[in-house]
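Asks: First to last, the sequence lines map onto chains A and B. The letter at position 402 of the first sequence is residue 1052 when you use the numbering used here, and the numbering goes up by one with no holes. The letter at position 49 of the second sequence is residue 51 when you use the numbering used here, and the numbering goes up by one with no holes.
Just so you know, not all the hints are guaranteed correct.
[Said to hold, decoys possible] Chain A stretches covered by chain B per the calculated footprint, using a threshold of three residues with CB under 8 Å from any CB of chain B:
| no. | stretch |
| --- | --- |
| 1 | 1017-1023 |
| 2 | 1174-1183 |
[Stated by the list, open to error] To give an idea of the interface, some chain A residues facing chain B are shown, with a C-beta separation under 10 Å as derived from the structure:
| no. | residue |
| --- | --- |
| 3 | 848 |
| 4 | 849 |
| 5 | 851 |
| 6 | 955 |
| 7 | 956 |
| 8 | 960 |
| 9 | 965 |
| 10 | 987 |
| 11 | 1011 |
| 12 | 1014 |
| 13 | 1028 |
[To be verified] Result set (DMTMM-like, lysine to aspartate or glutamate): computed pairs, CA atoms no more than 25 Å apart in a straight line:
| no. | chain 1 | residue 1 | chain 2 | residue 2 |
| --- | --- | --- | --- | --- |
| 14 | A | 959 | B | 278 |
| 15 | A | 1065 | B | 162 |
| 16 | B | 210 | A | 1061 |
| 17 | A | 719 | B | 368 |
| 18 | A | 962 | B | 368 |
| 19 | A | 962 | B | 278 |
| 20 | A | 833 | B | 28 |
| 21 | A | 962 | B | 214 |
| 22 | A | 1065 | B | 51 |
| 23 | B | 52 | A | 851 |
| 24 | A | 1012 | B | 214 |
| 25 | A | 1063 | A | 1084 |
| 26 | A | 962 | B | 329 |
| 27 | A | 1223 | A | 995 |
| 28 | A | 959 | B | 28 |
| 29 | A | 791 | B | 28 |
| 30 | A | 1063 | B | 213 |
| 31 | A | 719 | B | 77 |
| 32 | B | 49 | A | 851 |
| 33 | A | 955 | A | 728 |
| 34 | A | 791 | B | 51 |
| 35 | B | 373 | B | 329 |
| 36 | B | 210 | A | 1021 |
| 37 | A | 1063 | B | 77 |
Hints were generated in silico from the structure; no laboratory data involved. Cβ atoms here follow ideal geometry from the backbone N, Cα and C, with glycine treated the same way.
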Amino acid sequence: MIAPQATETKHWSFHTDIENIGWLTINSPGGSVNVLSREAIMELETLVARFEDLANSKELVGVVLLSGKESGFIAGADVAEFDAMSDFSVLPEALRRTHALFARIENLKIPFVAGIHGFCLGGGLELALACHYRIAVNDDKTRVGFPEVNLGIFPGFGGTGRSIRQAGPVDAMQIMLTGKMLKAGAARGLNLVDKLVRHRDMLRWEGRKAVLQNRKSQPAGFAKRAMAGPLLRDYVANKMREEVGKKANRVNYPAPYALIELFEKHGNDWQAMVRGEVDAFVPLMGSPTATNLRRVFFMSEGLKKQGLKGAKFSRVHVIGAGVMGGDIAAWCAYRGMSVTLQDLDMARIQPALDRAKKLFQKRYKKKREVDAAMLRLTADPQGNGVPRADVIIEAVVENLEVKQSIFSGVEGKLKPGAILATNTSSIELERIAEALKEPGRLIGLHFFNPVAQLPLVEVIKSKFNSDEAIGKGASFALAIGKSPVVVKSAPGFLVNRVLMPYMLGAVERVERGESKELLDAAAVAFGMPMGPIELMDTVGLDVGKSVATELGHAVPSDSKFARLIAEGKLGRKTNEGFYKWENGKAVKGSTPPHADLVALGRELVKPLVDMTEVVLSEGVVANADLADVGVIMGTGFAPFLGGPLRARADGRA
Amino acid sequence: MTELKRVAIVGSARIPFARGGTAYADETNLSLLATTLGGLADKYGLKGEKVDEVIAGAVINHSRDFNIAREALLDAGFSPRTPGTTLQIACGTSLQAALVLAGKIASGQIDSGVAAGSDTVSDSPIVFGSKFQHRLLAANAAKTGGQKFKAFTKGFSFGELTPVAPSVNEPRTGMSMGQHCELMAREWGISRRAQDELAAASHQNAAKAYDEGFHDDLLVQCAGLVRDNNVRADSNLDKLSTLKPSFDKTSGHGTLTAGNSTPLTDGASSVLLASEEWAKARGLPILAYLTVGRVAGNDFAHGDGLLMAPTIAVSEMLDRAGLGFADIDYFELHEAFAAQVLCTLKAWKDPTYCKDVLGRDSVLGEIDPAKINVKGSSLAYGHPFAATGARILGVTAKLLSEQANKRALISVCTAGGMGVAALVESAA
Chain A
651 MIAPQATETK HWSFHTDIEN IGWLTINSPG GSVNVLSREA IMELETLVAR
701 FEDLANSKEL VGVVLLSGKE SGFIAGADVA EFDAMSDFSV LPEALRRTHA
751 LFARIENLKI PFVAGIHGFC LGGGLELALA CHYRIAVNDD KTRVGFPEVN
801 LGIFPGFGGT GRSIRQAGPV DAMQIMLTGK MLKAGAARGL NLVDKLVRHR
851 DMLRWEGRKA VLQNRKSQPA GFAKRAMAGP LLRDYVANKM REEVGKKANR
901 VNYPAPYALI ELFEKHGNDW QAMVRGEVDA FVPLMGSPTA TNLRRVFFMS
951 EGLKKQGLKG AKFSRVHVIG AGVMGGDIAA WCAYRGMSVT LQDLDMARIQ
1001 PALDRAKKLF QKRYKKKREV DAAMLRLTAD PQGNGVPRAD VIIEAVVENL
1051 EVKQSIFSGV EGKLKPGAIL ATNTSSIELE RIAEALKEPG RLIGLHFFNP
1101 VAQLPLVEVI KSKFNSDEAI GKGASFALAI GKSPVVVKSA PGFLVNRVLM
1151 PYMLGAVERV ERGESKELLD AAAVAFGMPM GPIELMDTVG LDVGKSVATE
1201 LGHAVPSDSK FARLIAEGKL GRKTNEGFYK WENGKAVKGS TPPHADLVAL
1251 GRELVKPLVD MTEVVLSEGV VANADLADVG VIMGTGFAPF LGGPLRARAD
1301 GRA
Chain B
3 MTELKRVAIV GSARIPFARG GTAYADETNL SLLATTLGGL ADKYGLKGEK
53 VDEVIAGAVI NHSRDFNIAR EALLDAGFSP RTPGTTLQIA CGTSLQAALV
103 LAGKIASGQI DSGVAAGSDT VSDSPIVFGS KFQHRLLAAN AAKTGGQKFK
153 AFTKGFSFGE LTPVAPSVNE PRTGMSMGQH CELMAREWGI SRRAQDELAA
203 ASHQNAAKAY DEGFHDDLLV QCAGLVRDNN VRADSNLDKL STLKPSFDKT
253 SGHGTLTAGN STPLTDGASS VLLASEEWAK ARGLPILAYL TVGRVAGNDF
303 AHGDGLLMAP TIAVSEMLDR AGLGFADIDY FELHEAFAAQ VLCTLKAWKD
353 PTYCKDVLGR DSVLGEIDPA KINVKGSSLA YGHPFAATGA RILGVTAKLL
403 SEQANKRALI SVCTAGGMGV AALVESAA
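So that you can see chain B by itself, here it is in the shape it has in the complex:
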């Protein structure tokens, strides 16, 4: 086998994220992704150019956009010779896309690739229930008018016409992410105050990043929006502490609120990866290197915390890389819920958990909060499911491009009891 190539992160582009039903209410998943990819193409001179592969996805997707990656790259103006693959692993989608591309670049199969993700709750496909769906299919297959009539009327009840909105509830448990996370918070003893503190820090860090101009060259205007509309510079503990629990409203134990959970968000983001040769030949920068990745799952249906799998992904990844927390300078931990991050942090320093679940003799250890999400994360920016991984990867690469010899760890939890992790290293 030939020697592996280094995988360069050339840069990223995303549209500002918007709370559901606001700025992108007239947009579609496809238009959001196409605008993002178009912005990336503009930024790196790729209009009309062939990129070896685009891998992208969306969690809530219309069946008409069955391969949204291909449609979006065509709309965005890449050369039609660029193939597009749609891939989906819930909130880990675009980070997993980057890891798949990175593997192909490292092994020399391709020289360039775009990882992207898009999601909108403002353009959700709403369908008929399965009874009426089958009725329509039967009617469509029927040959005579009589058969069609029969297919439509036999055993019909009006209840069948009730539209079904897409559900992001966990299929195996029927519970929402928030309800699962409430259970995790109780299991790990995560206080409301700790969650609110994390949320406030996320907003403040994000607002500061805006004021510094950190995002200026990462964002592409979409539908008139130039900045994320969820970031609140004035977020603070006093305000956050007044909010009522969102998921557990009755038991009195509820600690997850609209303030310390991510809102439903519309948005899309993308990252350009390449071999060093490809980037250099085009005169493009190398912000950082994507070095390792790992995806893991847990047994959430039988008692593991639904959003705890990143602990496993990170542990296994570090194990393989021969690294520990002491070797990491920045931690980019996706904040689906403040409680999710806090449970994860607690688990990594819990000897029993580290032994029983991670199979480690000693704990992974404590992480200095000053190293976590220094530019804010999903609690502030919002969380358009499939777009989050690429947003974090883009931010991380830019963060490392400003400093030499740094290493950052990314972890993203996903529905279905899984987690995606990656390591990024400074180019200089």
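Isolated chain A (complex conformation):
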């Protein structure tokens, strides 16, 4: 066959075909995803210069950009380079160079078409937006979006302006401010993609057609653009600030606010927005927030690598349909597992099924999705699911004998290789495992309440466990979309252990007469998602007390804490604890004024940070990174501080 033009670089391959269409494929070396590294961009510069020449000599009628990876198009710029790139002497120049390259692609006289499947995120989407036409595969795997905000920055390769050009200001800002990843249909709806095809095979043929027909994407219509017009822009910007303000404050998370300011200045002119982007972007990249968020990103990516290759799970059996057991079962079903939920009788299982239905109704748009999810969750009072399950999770009352008898009852019936796990939060794993013929089989999978919201699962390792058993547990946590942190079996493990002194410390201050509203506000100002008193109410005072006792903290019987429990005021679940609760919200009085809320918050959080150091020194977690990411995911500890240990090292906690 004739291949008049063929080039192979480290990241790209290019050839022209018999119709003079150029086929450009990105294939990042040494990984399963494509990233736009600086090297890839430099190579692309050379290639684009070639395209310009070939276009001038009419040897090239158009270019179709595709990915050579199964996983998707391009996942973004190379985050691993960001630390080095943050340097003020490098960053502006590097950004301008990429801006210039993308502008050259945009200015090519021949059509330049992107064919997208799988992930098309961040810098990858920015490159796609610089193309003249975008085709995407309409399947479940396609994801289009700008996750930059999660890394403390915003799009920096011209994506701010180009996304506004395509989607209009409101929708474009919305996806940049939230980091939301769109499915193919939604991306088409926002005009970020021009055409959908059914299968990846069709990308090249639709790409060919787009080149030969010289198709050009159309910018957003007038009605959409009007929202960035002079009359509305201030209003729209303030509205956005209001929305962002509900989730993140300006001091700790400057990126969304900086993006809104950029929009305020240039939102009506996409090219001006692109030009203004570099100056607004540069200060963010090296900020402590961005640096810490990158660290959290890498640590959580690291957690994903703990899984064993080829581990597959499809059936889960949960024993115990109380709050934790029922919610774990519902979550597993939500994530596509076939789940059997066992308890003594239907009366105990039904409330869990009802709660599951509520979760599904909240998360799914369509009734048929809810129905399908309900079919994945089966009440199983007889325990028929045991011999068929890939994973068995026990979540019954915290009673050693009960747990031991359950596990010795099921041990003989298990499928070979099935995971046997307990959700105990306070009983040492070894003591439960002793009742088993194969004690090495039992691991801990410690979920957090509310299961649907907290991403962490502590994978508890007893002295009997092999690395493989623990790896399997981590794989399962990943399979249900949770982040596993391996923790040694020790009272309170990681999260409860560090939370308790912090929560009890705050309770004690309330006992001494301090304002609970003030303490909660201070913790939030510091960067916690919720104050310690509100957290105690949410967890449940009875649960808090039992964990506290387990960990050796005294709860004096004449304390307000003990009194509330005695009166059955257990917090949110009984509509009253330290706070009164209405419609799932704490009714708070006014917060007394305080000169330095952040400093007070820091004081409150100190015991948590101290305990994290202790837990690390005792070897409960393997290293400081795991401790930091575990505490962030288990407690919501201020991610912009990079976790308790990082914050202390930086003198910020």
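Following the hints, put chain B in place on chain A, whose structure we already have.
Replies: Same frame as chain A, but now just chain B:
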């Protein structure tokens, strides 16, 4: 001629079946079939691999999926070198596909093949009537604007725009399957109670099979659905007896209800067949052997029961194989309607029918109900027309893989007065 090879059933995969308009309302025939074939490929390590042939079909099909077998196997990730043939014989589609492949494997033409079928009533092609269709074609062929205008307007009436949904009514009689089956039930004197009993047994057997985990390795998740949504563990005579007749609502003789007839169902299923050498070389199991098959038709337009042809297919097949009912351990009789199965059973023990229609001197005989549809059948699982044959073949192969020296008989009735039958034997 060389000696015939044995045809191994390596295994099967299907998506859960769903009542029409429920879990698969956003799916297409093609996506259902592709998901099924993808699941089969995953299960047996065939992603990117070439299988000698895929033969599959759908009864209600879009013209855009004119060769749905080929499109689906490409979507599923088989090697593009795998050819795909679309074949259709109504509800017998995927069983007939298996028999065609089995013949090719037995004679050494191919070493491996996938038989599959898919149907959905949630993605029915709805078209214009033939008048407007011809008008559009004429307009398309017209050369000038004037001609086009004329083609569109001449003799036009708005009634032409009424969309036409696909019909599964019998073309020669204009009657639905259910109406035909009502006639059969009356002719053979099949009581409402007998039909309801069969339906309840089907649901109970199917529910039991689920609880035993029989289906765990046969099902592939699709659109979030992990199990058939028609199976009712709590089905019983009391409930079934309260239902009103569905097809004959007025005469007072109606006995077929929504409970003892199959519901409109979406689903797809597939079976992997191979020569023993091919299976062994890949380290794949042999669950059972597909040994004989037979397709037959009857004169339904002149009085034979529309769904009675399986009696002929089974009789002719057994005759050729030199076997009788006594040689069969399991009967997998597709339950289009409970009445259909019951008429068939009655016919096989009716001397006149066996003589006049089957040409037998003596009856085929009685079948012990305990041998029939032991894992439940279409009344419980539902009946996505073209998918049913492969579902039954997959279930039968797994059933026989658990026991040595057993033989199972499969029969499926189809529209158009036809029936497809097959024999499956234990590998051990």
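Asks: Run every hint past the structure and note whether it holds.
Replies: Quick rundown of the hints versus the structure:
1. With 5 residues having a Cβ less than 8 Å from any Cβ of chain B, the stretch 1017-1023 of chain A passes the three-residue criterion, so the hint holds.
2. Counting residues of the stretch 1174-1183 of chain A whose CB falls under 8 Å from any CB of chain B gives 0; the rule of at least 3 is not met.
3. With 10 Å as the threshold, the beta carbon of residue 848 (chain A) comes within range of chain B, its nearest partner Cβ sitting at about 8 Å, so the hint holds.
4. With a cut of 10 Å, the hint placing residue 849 (chain A) at the interface with chain B holds, because the nearest CB-to-CB distance is about 6 Å.
5. For residue 851 (chain A), the interface hint holds, the least distance from its beta-carbon to any beta-carbon of chain B being 7 Å, beneath 10 Å.
6. Because the beta carbon of residue 955 (chain A) sits about 23 Å from the nearest beta carbon in chain B, more than 10 Å, this interface hint is broken.
7. Hint status for residue 956 (chain A): violated, given a least beta-carbon distance of 24 Å to chain B, over 10 Å.
8. Interface restraint check for residue 960 (chain A): the shortest CB-CB distance to chain B comes to about 12 Å, outside 10 Å, so the restraint is violated.
9. Hint on residue 965 (chain A) holds. Least Cβ distance to chain B is approximately 7 Å, under the 10 Å limit.
10. With a cut of 10 Å, the hint placing residue 987 (chain A) at the interface with chain B holds, because the nearest CB-to-CB distance is about 8 Å.
11. The restraint placing residue 1011 (chain A) at the interface with chain B is violated, with a minimum CB-CB distance near 14 Å, outside the 10 Å limit.
12. Hint on residue 1014 (chain A) holds. Least Cβ distance to chain B is approximately 9 Å, under the 10 Å limit.
13. Residue-level restraint check for residue 1028 (chain A) holds (minimum Cβ-Cβ distance to chain B is 9 Å; threshold 10 Å).
14. Distance check on the hinted pair: residue 959 (chain A) and residue 278 (chain B) sit about 31 Å apart at the alpha-carbon level, beyond 25 Å; violated.
15. Taken as a hint, the residue 1065 (chain A) and residue 162 (chain B) pair is broken in the structure, with Cα atoms around 62 Å apart against an allowance of 25 Å.
16. At roughly 24 Å between alpha-carbon atoms, residue 210 (chain B) and residue 1061 (chain A) fall within 25 Å of each other, so this suggested pair holds.
17. Restraint check for residue 719 (chain A) and residue 368 (chain B): not satisfied, since their Cα atoms lie roughly 60 Å apart, outside the 25 Å limit.
18. Only pairs whose Cα atoms come within 25 Å are accepted, and residue 962 (chain A) paired with residue 368 (chain B) is rejected, the gap being roughly 46 Å.
19. Distance restraint check for residue 962 (chain A) and residue 278 (chain B): the Cα-Cα separation of roughly 29 Å exceeds the 25 Å cut-off, and the hinted pair is therefore not satisfied.
20. A distance of roughly 15 Å separates the Cα atoms of residue 833 (chain A) and residue 28 (chain B); the hinted pair therefore holds under the 25 Å criterion.
21. Between residue 962 (chain A) and residue 214 (chain B) the alpha-carbon distance is near 21 Å, which keeps this suggested pair within the 25 Å criterion.
22. Restraint check for residue 1065 (chain A) and residue 51 (chain B): not satisfied, since their Cα atoms lie roughly 30 Å apart, outside the 25 Å limit.
23. Between residue 52 (chain B) and residue 851 (chain A) the CA atoms are separated by roughly 17 Å; this keeps the pair inside 25 Å, and the hint holds.
24. This hinted pair does not check out: residue 1012 (chain A) and residue 214 (chain B) have alpha carbons roughly 33 Å apart, beyond 25 Å.
25. With a C-alpha separation of about 18 Å, the suggested pairing of residue 1063 (chain A) with residue 1084 (chain A) holds against the 25 Å cut-off.
26. For the given pair, residue 962 (chain A) sits about 41 Å from residue 329 (chain B) by alpha-carbon distance, which is inconsistent with the 25 Å threshold.
27. Simply put, residue 1223 (chain A) and residue 995 (chain A) have alpha-carbon atoms about 23 Å apart, close enough for the 25 Å limit, and the pair holds.
28. Simply put, residue 959 (chain A) and residue 28 (chain B) have alpha-carbon atoms about 33 Å apart, too far for the 25 Å limit, and the pair is violated.
29. With a C-alpha separation of about 16 Å, the suggested pair residue 791 (chain A) and residue 28 (chain B) falls inside the 25 Å cut-off, and the hint holds.
30. For a cut-off of 25 Å, the pair hint linking residue 1063 (chain A) to residue 213 (chain B) stands: about 15 Å separates their Cα positions.
31. Restraint check for residue 719 (chain A) and residue 77 (chain B): satisfied, since their Cα atoms lie roughly 17 Å apart, inside the 25 Å limit.
32. Only pairs whose Cα atoms come within 25 Å are accepted, and residue 49 (chain B) paired with residue 851 (chain A) is accepted, the gap being roughly 15 Å.
33. Distance restraint check for residue 955 (chain A) and residue 728 (chain A): the Cα-Cα separation of roughly 18 Å lies within the 25 Å cut-off, and the hinted pair is therefore satisfied.
34. Only pairs whose Cα atoms come within 25 Å are accepted, and residue 791 (chain A) paired with residue 51 (chain B) is accepted, the gap being roughly 23 Å.
35. Taken as a hint, the residue 373 (chain B) and residue 329 (chain B) pair is honoured in the structure, with Cα atoms around 12 Å apart against an allowance of 25 Å.
36. A distance of roughly 22 Å separates the Cα atoms of residue 210 (chain B) and residue 1021 (chain A); the hinted pair therefore holds under the 25 Å criterion.
37. A distance of roughly 39 Å separates the Cα atoms of residue 1063 (chain A) and residue 77 (chain B); the hinted pair therefore is violated under the 25 Å criterion.
This entry does not satisfy hints 2, 6, 7, 8, 11, 14, 15, 17, 18, 19, 22, 24, 26, 28, 37, going by the numbered hints stated previously.
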